[in-house]
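Participant: Starting from the known structure of chain A, arrange chain B with the ligands on it as the hints suggest.
Chain by chain, the residues:
There are 2 protein chains.
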Amino acid sequence: MWRLYHFTLCPFSRKVRFALAVKGVTHELVQERPWEKRPEFTAMNPAGQTPVMRRSDLGGTDLILCDSVAITEHFEEALERTPLLGATPEARAETRRLVAWFDQKFYAEVNAPLLAERMYKRAVLKGAPDGGMIRQAGRMADMHLDYIDFLLERRAWISGGQFGLADIAAAAHLSVADYLAGLEWDGHEPAKTWYSAIKSRPTFRPLLAERLEGLPPPPHYDKLDF
Amino acid sequence: MWRLYHFTLCPFSRKVRFALAVKGVTHELVQERPWEKRPEFTAMNPAGQTPVMRRSDLGGTDLILCDSVAITEHFEEALERTPLLGATPEARAETRRLVAWFDQKFYAEVNAPLLAERMYKRAVLKGAPDGGMIRQAGRMADMHLDYIDFLLERRAWISGGQFGLADIAAAAHLSVADYLAGLEWDGHEPAKTWYSAIKSRPTFRPLLAERLEGLPPPPHYDKLDF
Ligand SMILES: N[C@@H](CCC(=O)N[C@@H](CS)C(=O)NCC(=O)O)C(=O)O
Ligand SMILES: N[C@@H](CCC(=O)N[C@@H](CS)C(=O)NCC(=O)O)C(=O)O
Chain A
1 MWRLYHFTLC
11 PFSRKVRFAL
21 AVKGVTHELV
31 QERPWEKRPE
41 FTAMNPAGQT
51 PVMRRSDLGG
61 TDLILCDSVA
71 ITEHFEEALE
81 RTPLLGATPE
91 ARAETRRLVA
101 WFDQKFYAEV
111 NAPLLAERMY
121 KRAVLKGAPD
131 GGMIRQAGRM
141 ADMHLDYIDF
151 LLERRAWISG
161 GQFGLADIAA
171 AAHLSVADYL
181 AGLEWDGHEP
191 AKTWYSAIKS
201 RPTFRPLLAE
211 RLEGLPPPPH
221 YDKLDF
Chain B
1 MWRLYHFTLC
11 PFSRKVRFAL
21 AVKGVTHELV
31 QERPWEKRPE
41 FTAMNPAGQT
51 PVMRRSDLGG
61 TDLILCDSVA
71 ITEHFEEALE
81 RTPLLGATPE
91 ARAETRRLVA
101 WFDQKFYAEV
111 NAPLLAERMY
121 KRAVLKGAPD
131 GGMIRQAGRM
141 ADMHLDYIDF
151 LLERRAWISG
161 GQFGLADIAA
171 AAHLSVADYL
181 AGLEWDGHEP
191 AKTWYSAIKS
201 RPTFRPLLAE
211 RLEGLPPPPH
221 YDKLDF
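As they're listed, the protein sequences go chains A and B. Just so we're aligned, residue 1 is where the first sequence starts under the working numbering, counting upward by one. Just so we're aligned, residue 1 is where the second sequence starts under the working numbering, counting upward by one.
Worth flagging that the hints you see were computed from the coordinates, not collected in a lab. It is possible that part of the hints are untrue.
If chains are identical, the list can't say which one is meant, so a pair holds when it fits in one copy or spans any two.
Quick list of in silico lysine-lysine cross-link-like pairs, DSS-like style, CA-CA up to 27 Å [claimed, not checked]:
1. K105 / K121
2. K23 / K223
3. K37 / K105
Isolated chain A, as found in the complex (with noise of 0.2 Å):
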């Protein structure tokens, strides 16, 4: 049996469980808050992060994964039915770049300090957010919006041809960033379409329904017609 600890507004663990559902992993999931260090949890992930996977069923030592990368290049090589990185190494390579795109410019600019200002401050904390760096957070998503416009008026998938792991890293991250109302989605047609059919599918939608306490996100979040 897979277990899955991850945090309800941690992208790379949305990644993983939206990648987990396209491919039918049946898993647990464990409700981690990564900035509580619990022993037991950086005693599997020493780097003391969200999402790790841990395979129990196996008799001998547990398989334990870290690293939302390792977890899904793993699942990929693992399990062939529903491939997610495309079939050619081009298609490979455009994904996986679209991947760190997003798991790394995204995060960085845009949901780092959303989480930290809006999440983290607010709900951990008790404290109030710093207006400027929501600000500015707001200004790159933008621009991360016209990217992805950009990419979808000349391609079907932000992945390529083809629905892939760049467009479950994309929604990973937006639906994120849209949860803390970072998102201001008029103006971006192609994106909106795009984003519109990725909440209307069913491996999907579970974590659309998830809410943490005290930290309700706003009401277009779950919405089809946004």
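Facilitator: This is chain B with the ligands only, laid out in the frame that chain A set:
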């Protein structure tokens, strides 16, 4: 013919160069200063970051690979010789976890501040570095050397039983920190013995021979006995 756009003190470029040398992929080097954001460079990689690889002898469209993880995964798939990720799912997960550790944690905690203060501020802006930032990077570097010691007291290589991509990533990142005088090796015997073995490899020596004009490394930098 493959061409690699790299920057001498970019640890991600060094990781790719060391991996290509071990796998025997011949390539041309082009020195790129990523902060200059040359339009021809950002046309290849919208993230504007080194490393980028481009293959131009295919007749059709050039194959462009952006992001060091996408590049190393590409060559693992394309060339079966000298596998660098490990043979079992456990070994591959552990190697990818540690590559992410060095690319993200070591980079953010040690190399990003050292590169900003000692390379960019000094060599590009001609300004004075922030001593507090450099001391903090040094403290983090020491914790990373402790972790490397811990691993090497339990296994032959950082990747596990065999030399692999985690050793390459670690050597790439450590060599940049060492060039920027950010590492205090005393008291880290396991890490020192391992790094001395890495330094003696003919596939790594060309990296150690390179210099950035106006920014010499400390005298011990390319010595086997340090
Ligand atoms: N490279 C990791 C990044 C994971 C990450 O940054 N997780 C965040 C939550 S979104 C975390 O656990 N932060 C706590 C910390 O870094 O101490 C991955 O792709 O899984
Ligand atoms: N995820 C990228 C990171 C590459 C990276 O951060 N490169 C730095 C140089 S060490 C860079 O180009 N920085 C310029 C910038 O980010 O604008 C990779 O693994 O290749």
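Participant: How would you classify K23 and K223 at a CA-CA limit of 27 Å: within, between, both, or neither?
Facilitator: Within one copy only: 25 Å inside, 50 Å across.
Participant: Is it within, between, both or neither when you check K37 against K105 at 27 Å Cα-Cα?
Facilitator: Both: 25 Å inside a copy, 16 Å across copies.
Participant: Please work out whether the CA atoms of K105 and K121 approach to 27 Å or closer within one copy, between two copies, in both situations, or in neither?
Facilitator: both (22 Å within a copy, 23 Å between copies)
Violated hints for the displayed structure: none, as all numbered hints are satisfied.
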